[in-house]
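Trainee: Take a look at the letters that make up each chain.
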Amino acid sequence: MMASSYNAKEEDGNHPGAANHAGAGVVKSKKPDNTAFKQQRLPAWQPILTAGTVLPAFFVIGLIFIPIGIGLYVTSNNIKEFEIDYTGADINNPCYNCAKNFSWNSTTQCVCSVPFTLEQPFESNVFMYYGLSNFYQNHRRYVKSRDDSQLNGDRSALKSPSKECEPYRTSEGQPIAPCGAIANSLFNDTLELYHIDSNGSRNEIPLVKKGIAWWTDKHVKFRNPGGNDNLTVAFQGTSKPVNWRKPVFDLDPEDPDNNGFINEDFIVWMRTAALPTFRKLYRIIQKKSSTTPTLPSGKYVLNITYNYPVLSFDGRKRMILSTISWMGGKNPFLGIAYITVGSICFFLGVVLLIIHHKYDTRNNSADIPN
Amino acid sequence: MTGYMETTQESARDKLVGEKERHVKANARDYNDKFSYADNHIKTSKYNVLTFLPINLFEQFQRVANAYFLVLLILQLIPEISSLSWFTTIVPLVLVLVITAVKDATDDYFRHKSDQQVNNRQSQVLIGGSLQNEKWMNVRVGDIIKLENNQFVAADILLLCSSEPYGLCYIETAELDGETNLKVRQALTVTSDLEDITKLMDFDGEVICEPPNNKLDTFIGTLYWRDNKHPLDNEKMLLRGCVLRNTEWCFGMVIFAGLQTKLMQNCGRTQFKRTSIDKLMNTLVLWIFAFLICMGVILAIGNTILESWSGRNFQVFLPLDEFQNSAVFSGFLTFWSYIIILNTVVPISLYVSVEVLRLGHSYFINWDWKMYYSQTDTAAEARTTTLNEELGQVEFIFSDKTGTLTQNIMVFRKCSINGQTYGDVYDEFERKVEITEKTACVDFSFNALCDRSFKFYDGSLVEAIKLEDPAAQEFFRLLALCHTVMPEEKSEGHLVYQAQSPDEGALVTAARNFGFVFRARTPETITLCEMGRAVTYQLLAILDFNNVRKRMSVIVRNSQGQIKLYSKGADTIIFDRLDPSSEELMYTTSEHLSEFAGEGLRTLALAYKDLDEDYLDVWMKKLLFASTVIENREDQLAVLYEEIEQDLKLLGATAIEDKLQEGVPETIACLNLADIKIWVLTGDKLETAMNIGYSCNMLRDDMNEVFVISGHTLLEVQQQLRSANEHILGLSRVGSAGDEKANMLADDSVFEETIIAEYALIINGHSLAYAMEPQLEHVLLDLACLCKTVICCRVTPMQKAQVVELVKRHKRAITLAIGDGANDVSMIKTAHIGVGISGQEGMQAVLASDYSFAQFRYLRRLLLVHGRWSYFRMCNFLCYFFYKNFAFTLVHFWYGFFCGFSAQTVYDQWFITLFNIVYTSLPVLAMGLFDQDVNDQNSLRYPSLYKPGQQNLLFNKRQFFLCTLQGMGTSCLLFFVPYGAFSVLVKEDGSHFSDQQAFAVTIATSLVIVTSVQIGLDTHYWTAINHFFIWGSLTVYFAVLFAMQSDGMFGVFSSIFPFIGAARNCLSEKSVWLVILLTTVVCVVPSLAVSFLRVDLFPTLTDKVRHLQRFRNKQGPQEQNLRRVRRTSSRRSAYAFSHQQGYGELITSGKNMKESTVSSACSPGRTPHSPTWIENMLKRKNEVSCISDERTGAPERSSRAERFNSTPTGLNLSLTNR
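Respectively, the protein sequence lines represent chains B and G.
All residue numbers for the first sequence refer to the working numbering, where the first residue is 964 and numbers rise by one.
All residue numbers for the second sequence refer to the working numbering, where the first residue is 1202 and numbers rise by one.
None of these hints come from the bench; they were simulated from the model.
Be a bit skeptical, because a hint or two may be false.
EDC-like mimics (lysine to aspartate or glutamate), calculated; alpha carbons at most 16 Å apart, straight line [to be verified]:
| # | chain 1 | residue 1 | chain 2 | residue 2 |
| --- | --- | --- | --- | --- |
| 1 | B | Lys991 | G | Glu1917 |
| 2 | B | Lys993 | G | Asp1578 |
| 3 | B | Lys1043 | G | Glu2189 |
Derived list of chain B stretches under chain G, where covered just means 3 residues or more per stretch with a C-beta under 8 Å from a C-beta of chain G [said to hold, decoys possible]:
| # | region |
| --- | --- |
| 4 | 1002-1011 |
| 5 | 1024-1037 |
| 6 | 1071-1078 |
| 7 | 1150-1160 |
| 8 | 1249-1258 |
| 9 | 1269-1283 |
| 10 | 1302-1314 |
By construction, the Cβ of each residue, glycine as well, lies at the ideal position given by its N, Cα and C atoms.
Please construct the entire structure, taking both the sequences and the accompanying hints into account.
Mentor: Here's what the structure looks like:
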């Protein structure tokens, strides 16, 4: 950061001012332009924090936030939600045995049934979620363990998946499709819902499995290699993820359009959750007629094909049934937060107003020392 | 910038380590080539095309910040650690490197150009029997080169001969030692007659001398020629960088060339100045770094704990790599991962942004037309672009006097002749009229030889002259005779005076205009043109001026044969030597003198005496005897002079105005109000300095005490300082009337506050040398700080720097040095900020300075407007910048607790890359460039607004802590509000919505909005540019967000843009916007409330002025009236000689006179070859020839030689009005 102080110009000692006068012809004045920009006189708005501007702002915020908060709170309270934990962590849970005896290698699937009662009927469309707790889908190594090119149907990525997928990159010498830890840990419990009639018969409630993924994911981000026909051929030479029971092209035996990478359950799973406790949309129960509620109050049974072990890491599995409103699902936080913040702002406004009036005389420009 | 220059200089030095002495033979290139001395080629540039990239990169990575980011980049390439993609760091880093490299390259290009220009200068070299034009870089050691008048000396050369008699030549050494007056160099007698080329060709002398060194004032060598040894010293050397003046030509032999010249050896590296904010910033970055490590450690511990408790079990879905088996190792890796993620708290763009801001502020200084001086067509210039904000923190100003406070123009204003004052103008009602530009001047057209630029307003004096008032005539005759000015008559009637000091010039010019034209002089005669008649006076003796005598006299014989002694000097001195008959006149004159002095004029008293022939004869004999004595000659002469300068008859007094620069008193008063202490450091005499002090309003009569320290021993000085200190403290003790004990215990700062009384300290250079001794410096500093005004006079350039250094060292205050002359260069370089006045004394000060402008008064605008704004903007900028980065980065920290401490980022990688350099850089830059809390008029009107800068209030550790705290709070809210919402957030179509990408988009959007709102609140001055940048940044954010997450981008690079569709899905949700709104309000409201309360309850002066300003703006602009500072009048006297010692001796010797000067129009009465003239010549000749054997020479010669390098005066032959 040092420089020689020697400078040829110094040695020259030439006087720029003098040179100007000597130079024949037009001498350009060095006078700076008198423009608003150069003279820093640009017209400007100069806001000052005065009682006249700040206090109304507080009141306005308060007055806007409190109604919004109330609206949110009421809406959120009107949403019906039912949640049931079927992890089987404690011995009373019907799924205790399934959880206890879980083994990756077992060929027979363990099924358990959880009965429950809905006190109130669920009127409009009902959404069925599965919820996982203490599941670090947001763990860095987990999050990056995927290959978006492969999932987008890129052929070369299908054959040689990204290194990020390790250790779920290849299996038995063949590339895994879909590769990576996220895909490998696909939630694979099957949930079925039965309504118990007053006469005790079980009626299966139809669960819609389409339309649960984001449109962009289903149609842009995820694509099967080589178009959608004949997935078996497309996925030839690849291996299924080690934890999976079925290959990727056979995820949904009923609907060929819901297979391969564009299987919606798969897509939903691949959109990793932000927090360790999360819920994901599993099925939609559509309203059939305008007269009967989608889910009338009464007794229900949840049938679970228990494939997904979470107890080993203290995880929990839940099934959630929920209706939605204009602002989405049940969310008491926003309503309460809005009411609180609105009230605080209003209160602050009042306090500041009092303080301002009490000490009003202080802010007098007359006492500026000259 | 250390690199290259160092190496070249060192390699040059290395080569010479072996060189114990230098052998140079004239006209013998083959012989000299054996030694491989450096050639005359210089190189100050650092790079060439090939070396630029490696060297520049190497230099750049020596900077801590860049190296830090390089390390981060390397860390990111390790896959196990990498928590961020490589591009998040490399994009900003490359940007920073490129910007810096471009700047370095341009700088170096100009150095190349200037090197080339110097190397290609032409010089006449004696090669092969004739003079040939050669480029400077081809000049070699041993060459004989010819220099012409006003040429630069190409290398260090030994003077062989010159066009002037006795091988004399004159040089200006301003480049070397900063003195602008001319110096004399003299060739050896043996070589001084080598005047034609053939003789020079045959010259084969060999010089053996010291090896190259950086001592400018010594040279030791010997010339071996014709079997004789001739000692050589500095008086025979012309050093590179000097300019030949008043000498037609000279020849010299090159001894040192190129990098080995004393000039080049002397150009040490200039100290790189850093501002206090820079230093603070470095400390803060270290703190942040420590903080970063703390966070890393916390999160790593969290990771270790989590891994050892439950993480193992999660292996079902997320197996570990083999090497991650140990939880501790996993924690270790996490630590590094977090260091990478959180690195944005140490913002890479900070340094670049700060540089950009400073550059912008510098341009505003350059562009300010209120600091443009139209008379010399100079605009203010910020020569250093890195110090601007320090201009807002200045506490001490060290000012030069001559040329800075004053114009260094002396004007004959008034006089008192025989008890009658002249110079004031009265109107018809006998009222004094203030002299303005419009006042009618006296018409001097009766006088053909008058100086047209001379202005005088009182017509009565001309009347008196025309009426042949004897007193008035004698008065001006004295002025025309008693001086050491050299006349130069270029054409008939066109006279130019070369005066040693401007005041002498002013007096002689006055006499010239009033009809007593000093026309020519020889060593024995002075020719005047008295009212059109040529009169020649025989000059019998010059009783020269010096600092102790404070007067000068001449003894002349007029054409009638009468012998008269004319004397002028300080009034007190002259009054002591008056004849009793003048007593009455003395009282009247004395009154007039006080009147003059009260107006800040410099006064001289004039007196004469008739001498009779016999007395003079006796005296002259004594004088002749005394002047041949070697010991104590000066003293003996002084006694003789004293003897004859008695019983003088008073003629009157003159009053000269040392013209202040425009607006100096107002500026000083204004800066004083801003609590800036102004110290005047001048090479001038005590009296002059005091006089200027009074006229600048720095010294006033109502001051309680003016302490003058002028001791000659350490003890004396100590005593004076102590007693002054006690005087002040004692008084304050009485004044405060508190208990003695408390006062005794209180420290100086308390005293500083309690003192209401005003004191001034004046200290001369001699005492200053003692006072700066380690044991006294504290006493001096304490005393100086208790005084309102400090004036140091008779200080050397070195001492100026020492004073600045002293204050810098002990006061921890920002210092600013302002000066115009080369003698101010040292202090300008030493002070935190150096300001050069691009005035009359050349460009040295300007070239060494950080800021330059034409007038002292612009300092007020520079400090109070530009400095204040720069400081304010920089502080605001830094506060906001740190706030922003903390708010941005710490979200990751909070997220760490919810993602298993796995170093997962919250945001999209692209957002991390672009946040600092695209989304938020321009609004904060706009704020840093254009913001102004108070407009320039009010900044000037209320100087107190400057004080927060001095007290470092706007950005310090506390402020930093507060703004990082605010940043942390914001980051916390930014994370936890969406966290609360997202734990159960569902889209309107029922699909789940708590995924990472939606979370990222929500938080990022909230962050961008919050930071934009915050900068909106922090901006005081919303210009269109601010609007454009703030709204534009928001727009760009959304545009980039949607573009990056679009189908197209994903289609092209599916692995780099995985966030496809997140923004679309996310921002179409009402609930997301509700979250963003909530987050924004929650983040902004607290700071809004706090700043409102602060403004409302504890308004600073700034806030008050802002209110006032707004109030006024509503009313419409008002005329601003600046208070004029009144000068107080008081009785004091000064004598008007700005030089230390006259050079009457040189005149009587006739050495400096060319024949042409002597043969002037007003026919000389005597032939120049009078006996005394020859005698004189012979005497000199002897002295000249014996000087080679006798190193010391005659005493007065050696004293002159010493003066050459030690004092700022000496032989000043420069023109008065140059």
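Trainee: Hey, Lys991 (chain B) versus Glu1917 (chain G), does the alpha-carbon distance stay inside 16 Å?
Mentor: Status violated; Cα separation ~58 Å.
Trainee: Under 8 Å between beta-carbons, do enough residues of the region 1269-1283 of chain B, three at least, approach chain G for the coverage claim to hold?
Mentor: holds (count 4)
Trainee: Given that the region 1150-1160 of chain B was listed as covered by chain G, double-check it with a C-beta distance under 8 Å for 3 or more residues.
Mentor: Answer violated; 0 residues pass the 8 Å Cβ test.
Trainee: Can you confirm whether the C-alpha distance between Lys993 (chain B) and Asp1578 (chain G) stays at or below 16 Å?
Mentor: The hint holds at about 6 Å.
Trainee: Taking 8 Å as the Cβ threshold, is the statement that the region 1024-1037 of chain B is covered by chain G upheld or broken by the three-residue rule?
Mentor: Answer holds; 4 residues pass the 8 Å Cβ test.
Trainee: Is the hinted pair Lys1043 (chain B) and Glu2189 (chain G) satisfied, with a Cα-Cα distance of at most 16 Å?
Mentor: holds, 15 Å
Trainee: Residue count check for the region 1071-1078 of chain B against chain G: does it reach three with CB-CB under 8 Å?
Mentor: violated (count 0)
Trainee: Has the region 1002-1011 of chain B got at least three residues whose CB is nearer than 8 Å to a CB belonging to chain G?
Mentor: Three-residue rule met by the region 1002-1011 of chain B, so holds; n is 9.
Trainee: Are 3 or more residues of the region 1249-1258 of chain B near chain G, judged by a Cβ distance of less than 8 Å?
Mentor: That given contact is violated, which follows from only 0 residues of the region 1249-1258 of chain B lying within Cβ reach (below 8 Å) of chain G.
Trainee: Count residues of the region 1302-1314 of chain B with a Cβ under 8 Å from any Cβ of chain G, then say if the count reaches three.
Mentor: holds (count 4)
Of the hints listed earlier, those the structure fails to meet are numbers 1, 6, 7, 8, in rising order.
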